[in-house]
Amino acid sequence: SRKSWELLRKLGAAQPSRKNGNVTTNDISSIIYKTFNIKPNKHEKSEVKRKFKEALEEFEDRSELVSDFTPDEVQTTLKLVKNGKAAGADGILPEFLKNIGPNCINW
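Residues in the sequence shown are numbered from 1 upward in steps of one, following the UniProt record's numbering.
Rather than coming from a laboratory, the hints here were simulated on the basis of the structure. All values reported here derive from a predicted model rather than from experimental measurement. Take these hints with a grain of salt, some might be off.
Stated by the list, open to error - The calculated lysine-lysine pairs, modelled on DSSO-like cross-linking and capped at a C-alpha distance of 27 Å, are:
1. 34 x 45
2. 49 x 34
3. 98 x 85
4. 34 x 51
5. 53 x 39
6. 49 x 39
7. 98 x 82
8. 34 x 53
9. 98 x 79
10. 51 x 39
11. 42 x 53
Unchecked claim - Simulated DEER-style distance windows between Cβ atoms:
12. 77 x 23: 22 to 32 Å
13. 6 x 50: 49 to 59 Å
14. 22 x 99: 22 to 32 Å
15. 1 x 55: 42 to 52 Å
16. 103 x 50: 39 to 49 Å
17. 56 x 36: 19 to 29 Å
18. 102 x 22: 27 to 37 Å
19. 91 x 31: 18 to 28 Å
20. 29 x 89: 15 to 25 Å
21. 11 x 68: 42 to 52 Å
22. 87 x 7: 23 to 33 Å
23. 96 x 72: 15 to 25 Å
24. 88 x 30: 26 to 36 Å
25. 28 x 92: 25 to 35 Å
C-beta: ideal position from N, C-alpha, C; glycine also.
Please work from the sequences and hints to get the whole structure.
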């Protein structure tokens with residue numbers, strides 16, 4: 001109801017909780033470190049680094065997951081996008097994307 005929303009706005013709960021910005025892995029690890037007071041030893045650090053390198057190499061081997069989109073894939077996806085929807089986190093409206101033209105799609 002209208003009164004409920006007015007109360008939420010006054011309390012500040014109606015404000016969007018998502019912030020736009022970049023969050024790095026270091027940001028996340030520092031929050032976890034501060035929150036849980038984790039103090040890993042050298043062996044644990046080296047084990048985590050080794051596993052991270054293995055995972056990164058495995059990811060790089062899956063080149064089809066990181067390849068560029070083809071113009072056909074972009075056009076097919078844009079045909080499925082509905083008009084009149086809200087902009088995404090980047091602030092771009094669906095209508096803008098659907099009408100960008102062939103030069104942008106092939107770029």
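Hint check:
1. Between residue 34 and residue 45 the alpha-carbon distance is near 17 Å, which keeps this suggested pair within the 27 Å criterion.
2. Of the pairs offered as hints, the one joining residue 49 and residue 34 holds, with about 20 Å between alpha carbons and a cut-off of 27 Å not exceeded.
3. Taken as a hint, the residue 98 and residue 85 pair is honoured in the structure, with Cα atoms around 12 Å apart against an allowance of 27 Å.
4. Taken as a hint, the residue 34 and residue 51 pair is honoured in the structure, with Cα atoms around 23 Å apart against an allowance of 27 Å.
5. Taking the CA atoms of residue 53 and residue 39, the gap is near 21 Å; set against the 27 Å cutoff, the hint holds.
6. Taking the CA atoms of residue 49 and residue 39, the gap is about 15 Å. The hint holds against a cut of 27 Å.
7. Our distance criterion of 27 Å between C-alpha atoms is met by residue 98 and residue 82, whose separation comes to about 9 Å.
8. Under the criterion of a C-alpha separation no larger than 27 Å, the hint pairing residue 34 with residue 53 is consistent with the structure, at around 25 Å.
9. The hinted pair formed by residue 98 and residue 79 meets the criterion: a straight-line CA distance of about 7 Å does not exceed 27 Å.
10. With a CA separation close to 18 Å, the supplied pair residue 51 and residue 39 stays within the 27 Å bound.
11. Restraint check for residue 42 and residue 53: the C-alpha separation of about 17 Å stays at or below 27 Å, so the hint holds.
12. About 26 Å separates the C-beta atoms of residue 77 and residue 23, a value consistent with the hinted range of 22 to 32 Å.
13. Range check, residue 6 to residue 50: about 55 Å between beta-carbon atoms, so the 49 to 59 Å window is met.
14. Restraint check, residue 22 to residue 99: a C-beta distance of roughly 29 Å satisfies the suggested window 22 to 32 Å.
15. For the pair residue 1 and residue 55, the supplied restraint of 42 to 52 Å holds, since their beta-carbon distance comes to about 49 Å.
16. Separated by about 46 Å at the C-beta atoms, residue 103 and residue 50 satisfy the suggested range of 39 to 49 Å.
17. Against the hinted window of 19 to 29 Å, the Cβ-Cβ separation of residue 56 and residue 36 comes to about 25 Å, which satisfies the hint.
18. Range check, residue 102 to residue 22: Cβ separation about 31 Å, and the 27 to 37 Å hint holds.
19. The hinted window of 18 to 28 Å between residue 91 and residue 31 holds, with their beta carbons roughly 27 Å apart.
20. Under the hint 15 to 25 Å, the C-beta atoms of residue 29 and residue 89, about 23 Å apart, fit the expected range.
21. Taking 42 to 52 Å as the suggested C-beta distance range, the pair residue 11 and residue 68 conforms, at roughly 46 Å.
22. A C-beta distance of roughly 28 Å is found between residue 87 and residue 7, which places it inside the suggested range of 23 to 33 Å.
23. At about 20 Å, the CB distance of residue 96 to residue 72 agrees with the hint of 15 to 25 Å.
24. With their beta carbons about 28 Å apart, residue 88 and residue 30 fall inside the hinted range of 26 to 36 Å.
25. At roughly 26 Å, the beta carbons of residue 28 and residue 92 sit within the given window of 25 to 35 Å.
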